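Top to bottom, those sequences are chains D and F. Going by the numbering used here, the first residue of the first sequence is number 1, and it counts up by one from there. Going by the numbering used here, the first residue of the second sequence is number 245, and it counts up by one from there.
Bear in mind the hints are in silico, worked out from the structure with no lab data behind them. A hint or two may mislead.
[Stated by the list, open to error] A short list of chain F residues far from chain D (calculated; beta carbon distances all over 12 Å): (1) S371; (2) G391; (3) N400; (4) E497.
[As the list claims (entries may be wrong)] Going by beta-carbon spacing under 7 Å, a handful of chain F positions derived as facing chain D: (5) G272; (6) G275; (7) P281; (8) H300; (9) G303; (10) G323; (11) A344; (12) P345; (13) P456; (14) P460; (15) T495; (16) G514; (17) P520.
[Claimed, not checked] DEER-style ranges, computed between Cβ atoms: (18) D:H61 / F:R341: 55 to 61 Å; (19) D:E84 / F:R341: 51 to 57 Å; (20) D:A47 / F:T393: 39 to 45 Å; (21) D:P160 / F:P301: 35 to 41 Å; (22) F:Q351 / D:A188: 49 to 55 Å; (23) D:Q127 / F:A262: 49 to 55 Å; (24) F:T495 / D:T26: 25 to 31 Å; (25) F:T495 / D:P160: 47 to 53 Å; (26) F:M245 / D:E76: 48 to 54 Å; (27) D:A47 / F:M245: 27 to 33 Å; (28) D:N198 / F:M245: 55 to 61 Å.
Given the structure is predicted, the values throughout are model-derived calculations rather than measurements. Beta carbons are placed, not taken as given, at the ideal position from N, Cα and C, and that holds for glycine.
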Amino acid sequence: MRQEHCRILAIGSVGAGHRLLQVDCTPLAQPARAGQFLMARPSADLADALRRPLFFSRGGHVAHLLFPLDELWQRELASLQPEETLDVLGPLGQPFSLRPGVNHVLVLALSEPVAPALAIAQCVQHQGATASVVLARKEWSPLADLLPDSIECSVAPADPLAQLQEALRWADQAFVVAPADQLAGLAAAVGHARLRLNPGFAQVLVPADFACGVGACGGCTLELGQRQRRVCADGPIFDLAEVV
Amino acid sequence: MAEWRPITIAGEGNREFALRSPMMPAAGFLGYGRAYPGLLDPRLFGALVTQATTLHPRGARSAPVGAGLPRSHFARTRGGFILPVPAPNPGIGGMLRLFAPSWRRWQVPVIVALWLADAEEATSAASRLEEEESVSGVELQVPPEAGATWLKAVANAFRQRSDLPLLVKLPLAEAAQLADAAVASGAAALVLGTPHYGAQPLTGLYGPLYGPATLPYTLRALQELGLGGQLSRPPLGSRGLPLIASGGIYTAEDADLCLQSGAQAVQLDGIIPLDPTGAAEIARRYAPLTSTASG
């Protein structure tokens, strides 16, 4: 973990609702792994007294950070210019891990943050497996353009449940961005499609806001799978079988 | 940099520990010490103050039903944040099992911040902590609604079972009213203190409102207690019981100001998650050593 001022290389729109920040993360020394995040300080003044979580849509030294424009801080972040710097802490959180021998991974984003779904799809492909991406919302359609053409991506399918059931049958592994209140339904869908939910088959990213991002304050603790979990440090990626 | 000499925090028995630096993390901001590996070494501080810990494990609520993010245990405000206490924590037993092995290696005094319901819990907590050699002291968190009767009962119950130095963290809003009760209860130091409580009705959160705007309240409490102020009893601070400033200290200048205003030590709170490197720089100005803690 390091705290550095990373140089912004470029910033651009992805559709009307998202911005993509390209940042030189070389100073962090340790490249982010797919699914990890940064705690960023968009402004040096003290009006925003806590950092904000930002997820990678692509790792590496020139990292891509994708974020929606829902909140004021995100719009302030979007106003930064190339050559300015961004104060970041990270990389943080438990990353996605591809199981040995896996050939095909279903990547599904049911909610924000969409960024880690994109990062994980590219990570899967980089490791020699194939990824199929499903983005649940129509307004996320422009985000599909951030993926290489070799990754299949469908947006807002007409019958998402049917597509999910079908995909769960052929996938060797799944990654899903899903709010905590949808985990039980997701587990049921997996069980229905594959007869049972085996440990390691599905990893889920549970969205949450983080105060410290490092597990110190307990501000993001949730009871998941009858255990107390600090989402920022114990997750945000969990094995679905362990949290339902 | 303010002039500072090492001090000793002494309980009423033979137990005491030395502060080799006036800098500490405030309860809840460095977890149990391992939160910022490579960035914020606990041994930069004169002592490690743990997260506020309950006698038994304290959990979070289950994931709520409904759309959107789960409700967090904190709330962002303009210029600050509400971080309710106690946060979910493993309880005293879980804390000792998970973290005491590291504490024994770190060679830094560990002050366990305690959130207790009543005197009975204080007795049990004292018995558990007495058994752990790496614990140097205890910081009793006094809720704003607790009052002097609660404070005396809990502090006395703790002290009957343990002679660990008992620091008492007072709510800034009631510090002047509760200081006498803390002193009468054998406090080894007063921590000034827990920020004023705020509420965010939409999320149901209620707790201390942290942020740089707290500093004047901390200085006011130091002024009232450290210099005698309007109180009838002898002053505390530089001429008596140690005072530890906590609340809204975000810069080295803030820390110096507190030390010059009668505090013998200071605790850093919101600056730690906002700027851990900056917090380390503040601590390093007075740091006793710089070797790296691990494990």
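key: Violating hint indices (sorted, rising)   = Of the numbered hints given earlier, those the structure breaks are 8, 11, 12, 14, 15, 18, 19, 26, listed in rising order.
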